[in-house]
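Using the sequences and the hints given, assemble the complete structure.
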Amino acid sequence: MITLTHYLVVSTILFALGLIGVLIRRNFIIVLMSVEIMLNAANLNLVAFSYYLHSLTGQIVALFVIAIAAGEAAVGLAIIVVIFRGKIATNVDQINLLKW
Amino acid sequence: MSAVFFYYFAAVTIISGVLTITFRSPVHCGVALVTLLLHIAGFFILLNAEFIAAVQVIVYAGAILVLYLFVIMLLNLKTEERVFHRRYAVVSLLMLAIVGQVAVLVLRSPFAGVSGTATPELVLAVGQTRAIGITMFSDYLLPFELIGLYLLAAIIGAIVLAKTPGIQERRAQMEPPPAGASPDGNGAETAVVEPIGAGVAHGHEGGHGHP
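For the record, the sequence lines run as chains A and B.
Quick note: the first sequence uses the numbering used here, first residue 75, plus one each step.
Quick note: the second sequence uses the numbering used here, first residue 1276, plus one each step.
Be aware that one or more of the hints could be misleading.
Said to hold, decoys possible - Okay, derived cross-link-like pairs now, SDA-like style, lysine to any residue, Cα gap no bigger than 20 angstroms in a straight line:
#: 1; chain 1: A; residue 1: 161; chain 2: B; residue 2: 1345
#: 2; chain 1: A; residue 1: 161; chain 2: B; residue 2: 1347
#: 3; chain 1: B; residue 1: 1438; chain 2: A; residue 2: 163
#: 4; chain 1: B; residue 1: 1438; chain 2: A; residue 2: 149
#: 5; chain 1: B; residue 1: 1438; chain 2: A; residue 2: 157
#: 6; chain 1: A; residue 1: 161; chain 2: B; residue 2: 1349
#: 7; chain 1: B; residue 1: 1438; chain 2: B; residue 2: 1347
#: 8; chain 1: B; residue 1: 1438; chain 2: A; residue 2: 153
#: 9; chain 1: A; residue 1: 173; chain 2: A; residue 2: 160
#: 10; chain 1: A; residue 1: 161; chain 2: B; residue 2: 1435
#: 11; chain 1: B; residue 1: 1438; chain 2: A; residue 2: 162
#: 12; chain 1: A; residue 1: 173; chain 2: A; residue 2: 162
#: 13; chain 1: B; residue 1: 1438; chain 2: A; residue 2: 146
#: 14; chain 1: A; residue 1: 161; chain 2: B; residue 2: 1350
#: 15; chain 1: B; residue 1: 1438; chain 2: B; residue 2: 1350
#: 16; chain 1: B; residue 1: 1438; chain 2: A; residue 2: 152
#: 17; chain 1: B; residue 1: 1438; chain 2: B; residue 2: 1348
#: 18; chain 1: B; residue 1: 1438; chain 2: A; residue 2: 140
#: 19; chain 1: B; residue 1: 1438; chain 2: A; residue 2: 156
#: 20; chain 1: A; residue 1: 161; chain 2: A; residue 2: 171
#: 21; chain 1: A; residue 1: 161; chain 2: B; residue 2: 1436
#: 22; chain 1: B; residue 1: 1438; chain 2: A; residue 2: 160
#: 23; chain 1: B; residue 1: 1438; chain 2: A; residue 2: 145
#: 24; chain 1: A; residue 1: 161; chain 2: B; residue 2: 1433
#: 25; chain 1: B; residue 1: 1438; chain 2: A; residue 2: 158
#: 26; chain 1: A; residue 1: 161; chain 2: B; residue 2: 1427
#: 27; chain 1: A; residue 1: 161; chain 2: B; residue 2: 1438
#: 28; chain 1: A; residue 1: 161; chain 2: B; residue 2: 1439
#: 29; chain 1: A; residue 1: 161; chain 2: B; residue 2: 1348
#: 30; chain 1: A; residue 1: 161; chain 2: A; residue 2: 100
#: 31; chain 1: B; residue 1: 1438; chain 2: B; residue 2: 1345
#: 32; chain 1: A; residue 1: 173; chain 2: A; residue 2: 153
#: 33; chain 1: B; residue 1: 1438; chain 2: A; residue 2: 159
#: 34; chain 1: A; residue 1: 173; chain 2: A; residue 2: 100
#: 35; chain 1: A; residue 1: 161; chain 2: A; residue 2: 172
#: 36; chain 1: A; residue 1: 161; chain 2: A; residue 2: 173
#: 37; chain 1: B; residue 1: 1438; chain 2: B; residue 2: 1427
#: 38; chain 1: A; residue 1: 161; chain 2: A; residue 2: 105
#: 39; chain 1: A; residue 1: 161; chain 2: B; residue 2: 1437
Hints are computed from structural coordinates only; laboratory data are not their basis.
Structure below.
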């Protein structure tokens, strides 16, 4: 019998993996991919709660999260393209345009 | 039976998540991420959320990952020899400890929430996609419209960012370099072009002057 706790443990592990990826990777694109992993962990939580608590709200919020992830990927990748074309940086440590 | 599927999906999801953050090449990371996203769609099917599973496959594995692969191919990212931050290993261990504590709290919590009205029998009687549609367009109409506005803003923002000239191109546009000094390739090109143009202009003048 699979309970809600099983799903919560899986999504906690996935969220931790995404967080570690954001912290330790130096490549722009892989940092964005780690953010996608974290968003998917949140989605898994939402849908699991929606199933076990008999409510459709979680699934609808999961749809909104997918839409927000799509917009975030589009804008983030556009920023990466600008950074690369302007030869501002080659990895995340070198971006310091907003640092003062 | 569903327990077998659950453990299969959980194992593959976690393994491909680890591979996503440890592979060197971004393309390999993208393939591992596709595996993770498809298995999360499998979780959604186990949770009776077929519509979300279909949207996950179409939008995430179909659209977002193709966008990532386009950018990877477009930019020709070289994999650096130093892939990881050494000094952030301590920070990530701290994060792991915090997440472990959250997991312990999760395991001890009973989750006695208020049960909703959408029981599985009721949802099955209406149809899952239809039930989601009815709820979304009645109770959640305003958030739905706001998501549409957000997507429009994201499209416009991405186009504006991608069409913005880079810093060097903009610098070249704003102040054309003097003929003598040529700091970059752009200046050198104009310096090569200018004498030819000047020569043509002189010849033209001379031709006009003689008759």
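Going down the list of hints, with the structure as the test:
For the hint linking residue 161 of chain A to residue 1345 of chain B, the alpha-carbon distance of about 19 angstroms falls within 20 angstroms, and the restraint holds. Between residue 161 of chain A and residue 1347 of chain B, the direct Cα distance comes to roughly 16 angstroms. Compliance with the 20 angstroms bound is thereby established for this hinted pair. Between the alpha carbons of residue 1438 of chain B and residue 163 of chain A the distance comes to roughly 19 angstroms, so the proposed pair stays at or under 20 angstroms and holds. Between the alpha carbons of residue 1438 of chain B and residue 149 of chain A the distance comes to roughly 12 angstroms, so the proposed pair stays at or under 20 angstroms and holds.
In summary, the hint linking residue 1438 of chain B to residue 157 of chain A is supported, as the alpha carbons are separated by about 12 angstroms, within the 20 angstroms threshold. Restraint check: the Cα-Cα separation between residue 161 of chain A and residue 1349 of chain B comes to about 14 angstroms, which is no more than 20 angstroms; the hinted pair holds. With a CA separation close to 18 angstroms, the supplied pair residue 1438 of chain B and residue 1347 of chain B stays within the 20 angstroms bound. A distance of roughly 11 angstroms separates the Cα atoms of residue 1438 of chain B and residue 153 of chain A; the hinted pair therefore holds under the 20 angstroms criterion.
Restraint check for residue 173 of chain A and residue 160 of chain A: the C-alpha separation of about 18 angstroms stays at or below 20 angstroms, so the hint holds. Taking the CA atoms of residue 161 of chain A and residue 1435 of chain B, the gap is near 18 angstroms; set against the 20 angstroms cutoff, the hint holds. Straight-line distance between C-alpha atoms of residue 1438 of chain B and residue 162 of chain A comes to about 16 angstroms, which keeps the hinted pair within the 20 angstroms bound. Annotation: proposed proximity of residue 173 of chain A to residue 162 of chain A holds, straight-line Cα distance about 14 angstroms (limit 20 angstroms).
For the proposed pair residue 1438 of chain B and residue 146 of chain A, the alpha carbon gap of about 18 angstroms is at most 20 angstroms, so the pair holds. For a cut-off of 20 angstroms, the pair hint linking residue 161 of chain A to residue 1350 of chain B stands: about 11 angstroms separates their Cα positions. Taken as a hint, the residue 1438 of chain B and residue 1350 of chain B pair is honoured in the structure, with Cα atoms around 16 angstroms apart against an allowance of 20 angstroms. A hinted pair counts as satisfied when its Cα atoms are at most 20 angstroms apart, and residue 1438 of chain B with residue 152 of chain A qualifies at roughly 9 angstroms.
Only pairs whose Cα atoms come within 20 angstroms are accepted, and residue 1438 of chain B paired with residue 1348 of chain B is accepted, the gap being roughly 19 angstroms. Taking the CA atoms of residue 1438 of chain B and residue 140 of chain A, the gap is about 26 angstroms. The hint is violated against a cut of 20 angstroms. Of the pairs offered as hints, the one joining residue 1438 of chain B and residue 156 of chain A holds, with about 9 angstroms between alpha carbons and a cut-off of 20 angstroms not exceeded. About 12 angstroms separates the Cα atoms of residue 161 of chain A and residue 171 of chain A, which keeps this hinted pair within 20 angstroms; it holds.
Straight-line distance between C-alpha atoms of residue 161 of chain A and residue 1436 of chain B comes to about 15 angstroms, which keeps the hinted pair within the 20 angstroms bound. Among the hinted pairs, residue 1438 of chain B with residue 160 of chain A is consistent with the structure: their alpha-carbon atoms are about 12 angstroms apart, no more than 20 angstroms. Proximity of residue 1438 of chain B to residue 145 of chain A is assessed by CA-CA distance (about 17 angstroms); at most 20 angstroms being required, the pair is judged to hold. The hinted pair formed by residue 161 of chain A and residue 1433 of chain B meets the criterion: a straight-line CA distance of about 19 angstroms does not exceed 20 angstroms.
Among the hinted pairs, residue 1438 of chain B with residue 158 of chain A is consistent with the structure: their alpha-carbon atoms are about 13 angstroms apart, no more than 20 angstroms. For the given pair, residue 161 of chain A sits about 29 angstroms from residue 1427 of chain B by alpha-carbon distance, which is inconsistent with the 20 angstroms threshold. Straight-line distance between C-alpha atoms of residue 161 of chain A and residue 1438 of chain B comes to about 16 angstroms, which keeps the hinted pair within the 20 angstroms bound. In summary, the hint linking residue 161 of chain A to residue 1439 of chain B is supported, as the alpha carbons are separated by about 14 angstroms, within the 20 angstroms threshold.
Taken as a hint, the residue 161 of chain A and residue 1348 of chain B pair is honoured in the structure, with Cα atoms around 17 angstroms apart against an allowance of 20 angstroms. For a cut-off of 20 angstroms, the pair hint linking residue 161 of chain A to residue 100 of chain A stands: about 16 angstroms separates their Cα positions. A threshold of 20 angstroms between alpha carbons decides the hint, and for residue 1438 of chain B with residue 1345 of chain B the separation of about 17 angstroms falls inside it, so the pair holds. For the hint linking residue 173 of chain A to residue 153 of chain A, the alpha-carbon distance of about 17 angstroms falls within 20 angstroms, and the restraint holds.
Proximity of residue 1438 of chain B to residue 159 of chain A is assessed by CA-CA distance (about 11 angstroms); at most 20 angstroms being required, the pair is judged to hold. A hinted pair counts as satisfied when its Cα atoms are at most 20 angstroms apart, and residue 173 of chain A with residue 100 of chain A qualifies at roughly 18 angstroms. Simply put, residue 161 of chain A and residue 172 of chain A have alpha-carbon atoms about 16 angstroms apart, close enough for the 20 angstroms limit, and the pair holds. Simply put, residue 161 of chain A and residue 173 of chain A have alpha-carbon atoms about 17 angstroms apart, close enough for the 20 angstroms limit, and the pair holds.
Between residue 1438 of chain B and residue 1427 of chain B the alpha-carbon distance is near 17 angstroms, which keeps this suggested pair within the 20 angstroms criterion. Distance restraint check for residue 161 of chain A and residue 105 of chain A: the Cα-Cα separation of roughly 19 angstroms lies within the 20 angstroms cut-off, and the hinted pair is therefore satisfied. Restraint check for residue 161 of chain A and residue 1437 of chain B: satisfied, since their Cα atoms lie roughly 14 angstroms apart, inside the 20 angstroms limit.
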